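Asker: Residue numbers (our numbering), protein chains in the order written: chain A, 1 to 261; chain B, 262 to 604; chain C, 605 to 1130.
Hints should not be assumed to be uniformly reliable.
When the alpha-carbon atoms are kept at most 20 Å apart in a straight line, the in silico SDA-like pairs for lysine to any residue are as follows [what the hints assert, rightly or not]: (1) A:K106 / C:G1028; (2) A:K218 / A:G70; (3) A:K106 / C:L1044.
Keep in mind the hints are simulated off the structure, nothing from the lab.
All of these numbers come straight from a predicted model, not from anything done at the bench.
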Amino acid sequence: MTDIGIELDGISKSFVSGAGTVRALDDFTLSVAEGEFVAILGPSGCGKSTVLRIVAGLDSADRGSVTVAGSSPQTLIAEGALGVAFQDNALLPWLSVRANVALPYKLTGRPVDQARVDELVALVGLADFAGARPSQLSGGMRQRVSIARSLALAPRVLLLDEPFGALDAVTRHRLNVELARILAAEASTTLLVTHSVEEAVFLADRVVVMTGRPGRVKLTVDVPFGRDRTKAVLGQPEFLRLVAQLTAALDDDDTETGTAA
Amino acid sequence: MTNRTARTRTPIAAVAIAAVSLLALSACSSGDAGGGAASDTTPISFQLDWVKDSEFGGFFEADEKGYFADEGLDVEFLDGGDVSSTAAVIAGGAAQIGIVSNLSRLIDAIDTGADLVAVGALYQTSPAGLMTLPDLDVTSVDDLKGLRIGTDESGTADIDTLFRVNGEEPDYEDVRVGYDAAPLFDDQIDAYYAYVTNQPIPYELQGIDVNTVTFADLGFESYAGLIVTTREFLDSNRDAVEGFVRAASKGWSETIDDPSATAELTIGSYGADLGLDEDSEVASLTAITELVQSDYTKSNGLFAMDPERIAGPMYDALTASGREDLPDPADIFDTTIVADAQD
Amino acid sequence: MTVSATAAPRTRPAAENGARPLRLPRAVLPVAGVLALVLIWQVIGVSGVLGRAVPPPTAVLDAFVDKGDILLRAALATGGRALVGGLIGYLLGAMVASVTAWFPRSTTPLVRVTVLINAIPIVALGPVLMSVPARPFIPEVFAALSVLFATVLTVGDGLRSASKSPADVFRVFGASRTARFFRLELPSALPMAADAARLAVPAAILGAILGEWFGADRGLGVLMVSAMRNIQYGFLWAAAVVAVLVSVVFYLVGTVLERAASRRFGRSGEAAVDVAPLAKSASALIGVLIPVLLIVGWQAWIWIGDVPQIVAPGPLGVAESLAADAPELLAAAGLTTLSAFGGLLAGAVVGLALAILVTLLPWLNAMLSPLALIIPTVPIVVFIPILGSLLGYGVATVFASCVLMAFFPIYVLACSGLRARPAGSDDLFTIYGTGRLRRLTRLALPAAVPALLIAVRLAAANAFLIAISAEWLMGQGGLGRVFSERRVILDTNGSWAAVVVAIVLSVLAYVGAAALERKVVTRWRS
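Please model the entire structure based on the sequences and the hints provided.
Answerer: What follows is the structure, given as structure tokens:
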């Protein structure tokens, strides 16, 4: 893979809060190849979401450079080439499932590709609920809508911010299997932020472990499974080994993350 | 979830209890207020028909100088505000004596079955009238034909009556305005319905010339500021009512002699919480003292009511206003109180 | 190709970290806003474009200097009455709300009774109260009645908002009903109870001022009618300003309480548990029973108390008037409805438009923020005499009063509604490069719908009260005029017939608005 999907070089970011200045990221560097799926793993409060927000153009870095699909996040936004699934699903409660998935078309002023919308709704297994409103759906279903929406414009770069963070382990596993299937069909450069080791290993081509605040890259691990993963992967010794290795790397960090909010 | 009927009964019972207690409350509260006061002083609640400004100055003088006390009366002034309510307050017994603002209101109250009696009239001539610019001199109802007249709702009724008592059908444009005569100066109206003792004052004080005319000048006569009590109270407390009239008469005599002193008393004491302006109170009260006196009061005492004037022009005006089946004046005007109050 | 992130253009500044475009001290814009408003007022006053009825602030200041002591005494009197009456109404409302929490089945009937009580135009009660021993306390009674309704609803919601899981803990430990109420439901309700107290402030002051128009010896209401009749405009405005100041002071105290309660007891953030609906038949029965009981009680009061007709007529006489005057009453009802609803609509449009403008222009928002603080505290009735002097004693003033009445809650709730966007949705719109206009139409406006509906419900409940009060004061328009005209000729049957029609309309308006809100809000609940 020669083309670069996401290139973060020496990113630093501090926040000013009531208690003083918090250094969220310090000299954070990461390169994601085009079409590659990278998961960022880290303890809560380590700044992993900040990385994602900087890539999405929602926050700007104090220092360092950001290149996304060859240009700036803003260019990507202007092209509508960015897809994000948010931690808190960010569905509009007054719109139906179908209308929520079609929203990116409306927001970018494009004609709605109804066939594509229906296809995505079916892809996330909600064909029977296309006319339902978010309040009528379970938490897992809402997250699936959110993912379908992030894929609506066939983004060149897909960002997933703990998309299943609020869900129970069982649902989460099931959705991960589905997500793997969906992403196999909708290949694009993907950055996943999560605190679940299993999720990271199950979905990603490469897992990056971050240190506690200020966030830096601590460890990078390649995941040797292909993209076409099924539940079967979960039981493989290699999977379990990677999970154990990454869990240990995270645990090491405990002393450092103790200060994280 | 087990017993439906028991559950549904609860709210009904609650409502019933609420309604019954509401009922009990209101039943209690409607009981007579002025109970037994057989001591040496008779408490009198006196209902005014407006806030305590100097238009009631003579009554304040009587209180301040102890004339009420001399008659064995302990008078409490009840502020007015809603002028329509005073007759009801007296009829309901919350005040023993009160001011009913004019004759038609008294007749209307009696029409509802209220057993009221007028024992005196403060204004021999009602202050109701019109205010115009100096270039318009209204001397008869003919001068009003086709004019734009600024009124409130009682003004409309009064002006209609004014036309009819003169044998004419109302012929004017009715324009609703507020307490301020400003539309007159903006040429939105030709005449402004006013109490001549009230709205013209601020303009006169500013040196702006205006004409005023009372309805009485145009042939529509009415007493105003009627001193009213119930038949029941009058029959059982005749001396107290007579004493009230005597004391009030003394107070008003002093006000007539020196309106400024009464205005000062009002501003400084009884109406101290109203933020009244001295100049306008003195001017207003001076205008009032003109209207509380007449040839008839000079020979019969202040507040005196002339049976012939009532039965004649005043009842004519009431008939012209469309009121029917008017009560016999002798039943609702007791002219003997003022007569007996003269020492 | 690489673009330095620091040079990245047009990144939306996040609230906590983005550089503010203007590095002005926070207070500058609000202070400038107040100064600008006062300056505009001064220019209007001095130029006299709106007539003598709008004096310049300097004239109002003169009134403060000349009659400061009188204004202070009046403020203390009105404030005291509002406090006493408001507290009584509040405690009564909290008690009723507690009953509904203990016995959920009693909720429907009790709430209906309070809706009915709220629908009675309190100005119609004044003449009756003047004739009973409660007379010296009319302002307190009005204040109590004015806060009762909102308190029952808000505190009731608070009591039902206790989190499910602690409630289950109480159940598991076999806690008694009493323990659950005092140790769980009551503490959980405190933040909303404090909210209700804050909401009650302007209502109590409004009630006290209205009550003072029925014969009080001192107070801001008395000053206002007296100053209006004596054409003391500076003084009239000064009294209105003091009324607002009293309200602001109480409101701030309420805000402090609310903050403290929220901090200590936290807001569960959970919506109140929906009340189990009664069976249709029971509900219909209650719907019939309440008015029947009220009418029976009313007749009994007339008989037992031997009440003269001039004080209060019996239901039969009123029914006769209703039948005899039906065409006139219907026409009047139409006119009042037009003022109330037209005012509601116009107020909603203006309120929403201003809220949108303020949302789009942050500097304007900062400048108007003191206004947003004051607006919820303003007892609207203080404007009626001023509007009357300004617009004439006619339907225009009635309409303008209704517009103001609707404008205030709608502006305030629309402002917060336009910001109450679903979590993360702003980021979502950003990553699709959505512009301001689209963000407004696709996000902020739909998100504001529930808040707007609450505002409409609140405004609908009060629209008729204000329309009728203004009509009564102006002697113009619909039912309030009929009421006033009939009172002038002491036709109590006729005036009460107008009141009965007003009550029915007001209940219908509230019930309609509440049903609309229920229907739409379920769609919005996330």
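Asker: Determine for every hint whether it applies to the structure shown.
Answerer: Tested hints:
1. Distance hint between K106 (chain A) and G1028 (chain C) is fulfilled; the C-alpha atoms sit about 18 Å from each other, no more than 20 Å.
2. Simply put, K218 (chain A) and G70 (chain A) have alpha-carbon atoms about 26 Å apart, too far for the 20 Å limit, and the pair is violated.
3. A distance of roughly 13 Å separates the Cα atoms of K106 (chain A) and L1044 (chain C); the hinted pair therefore holds under the 20 Å criterion.
Of the numbered hints stated above, the single one contradicted by the structure is hint 2.
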